[in-house]
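Visitor: Now for the letters of each chain:
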Amino acid sequence: DAKTTQPTSMDCAEGRAANLPCNHSTISGNEYVYWYRQIHSQGPQYIIHGLKNNETNEMASLIITEDRKSSTLILPHATLRDTAVYYCIVRLLQGGSEKLVFGKGTKLTVNP
Amino acid sequence: DTGVSQNPRHKITKRGQNVTFRCDPISEHNRLYWYRQTLGQGPEFLTYFQNEAQLEKSRLLSDRFSAERPKGSFSTLEIQRTEQGDSAMYLCASSLGMLNTEAFFGQGTRLTVV
Chain A
1 DAKTTQPTSM DCAEGRAANL PCNHSTISGN EYVYWYRQIH SQGPQYIIHG LKNNETNEMA
61 SLIITEDRKS STLILPHATL RDTAVYYCIV RLLQGGSEKL VFGKGTKLTV NP
Chain B
1 DTGVSQNPRH KITKRGQNVT FRCDPISEHN RLYWYRQTLG QGPEFLTYFQ NEAQLEKSRL
61 LSDRFSAERP KGSFSTLEIQ RTEQGDSAMY LCASSLGMLN TEAFFGQGTR LTVV
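Protein chains in written order, with our numbering: chain A, 1 to 112; chain B, 1 to 114.
None of these hints come from the bench; they were simulated from the model.
Here a beta-carbon is modelled for each residue, glycine too, at the ideal position from N, C-alpha and C.
Any given hint could turn out to be false.
[To be verified] Okay, derived cross-link-like pairs now, DSBU-like style, lysine-lysine, Cα gap no bigger than 30 Å in a straight line:
1. B:Lys-57 x B:Lys-14
2. A:Lys-104 x A:Lys-3
3. A:Lys-3 x A:Lys-52
4. B:Lys-11 x B:Lys-71
5. A:Lys-104 x A:Lys-52
6. A:Lys-107 x A:Lys-52
7. B:Lys-57 x B:Lys-71
8. A:Lys-3 x A:Lys-69
9. A:Lys-3 x A:Lys-107
10. A:Lys-107 x B:Lys-11
11. B:Lys-57 x A:Lys-107
12. A:Lys-3 x B:Lys-57
13. A:Lys-104 x B:Lys-11
14. B:Lys-57 x A:Lys-104
15. A:Lys-104 x A:Lys-69
[As the list claims (entries may be wrong)] Distance windows between CB atoms, simulated:
16. B:Gly-3 x A:Arg-16: 37 to 45 Å
17. B:Glu-44 x A:Met-10: 20 to 28 Å
18. B:Glu-78 x A:Asn-53: 38 to 46 Å
19. A:Ile-63 x B:Glu-68: 14 to 22 Å
20. A:Thr-109 x B:Pro-8: 15 to 23 Å
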């Protein structure tokens, strides 16, 4: 089972920041938090990942709480093309496969 | 480098027929994953290869499913005696196989069993 909890859906106005929360209260010390998104009828797309520190790249920012039990993905200026399902994933390291275990994610709708 | 390529993109088959899908990973990636996704759900892990070795299989991968990666490059996923419950999107992903590297996904093959 997925080790994360996310809201089922969220809405955001175009041009505003989208803040997507994720709870991962059972995360262990050597597990990373990954975010992927999936636009309709496409494969998942990597966004960002982090361990302890906040991270930023050209797509988004990732804020991880000090106790690492939750995180927030921030899309600073959401566009209509950011409408997608966003998955928060705790990366499992079992026997070296490092497989991604997806939950149902958050359906983000960016409105004009 | 054109990313992970999957063929065909769509496949419609009659129940009981066999189908085979192909995945071409990013060239230098030694890890390859297969996932299955049904409507409204996140992708579910099926199996994983490190080079040509199949190192992990999910319980979802019944005896009718077989995956190969004969030369450590492309991979095939075959489903024998398809059932309507096999209708899903089949996704392939690849990664460098180093700790903490992201996996890149293909566009998927959508299977419809009628």
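Visitor: A separate judgement is required for each hint: does it hold in the structure or not?
Guide: The hints, checked one at a time:
no., hint, in the structure
1, B:Lys-57 x B:Lys-14, "holds, 26 Å"
2, A:Lys-104 x A:Lys-3, "holds, 11 Å"
3, A:Lys-3 x A:Lys-52, "holds, 17 Å"
4, B:Lys-11 x B:Lys-71, "holds, 25 Å"
5, A:Lys-104 x A:Lys-52, "holds, 24 Å"
6, A:Lys-107 x A:Lys-52, "holds, 26 Å"
7, B:Lys-57 x B:Lys-71, "holds, 19 Å"
8, A:Lys-3 x A:Lys-69, "holds, 11 Å"
9, A:Lys-3 x A:Lys-107, "holds, 18 Å"
10, A:Lys-107 x B:Lys-11, "holds, 27 Å"
11, B:Lys-57 x A:Lys-107, "holds, 29 Å"
12, A:Lys-3 x B:Lys-57, "holds, 20 Å"
13, A:Lys-104 x B:Lys-11, "holds, 25 Å"
14, B:Lys-57 x A:Lys-104, "holds, 21 Å"
15, A:Lys-104 x A:Lys-69, "holds, 19 Å"
16, B:Gly-3 x A:Arg-16: 37 to 45 Å, "violated, 31 Å"
17, B:Glu-44 x A:Met-10: 20 to 28 Å, "holds, 23 Å"
18, B:Glu-78 x A:Asn-53: 38 to 46 Å, "holds, 44 Å"
19, A:Ile-63 x B:Glu-68: 14 to 22 Å, "violated, 42 Å"
20, A:Thr-109 x B:Pro-8: 15 to 23 Å, "violated, 31 Å"
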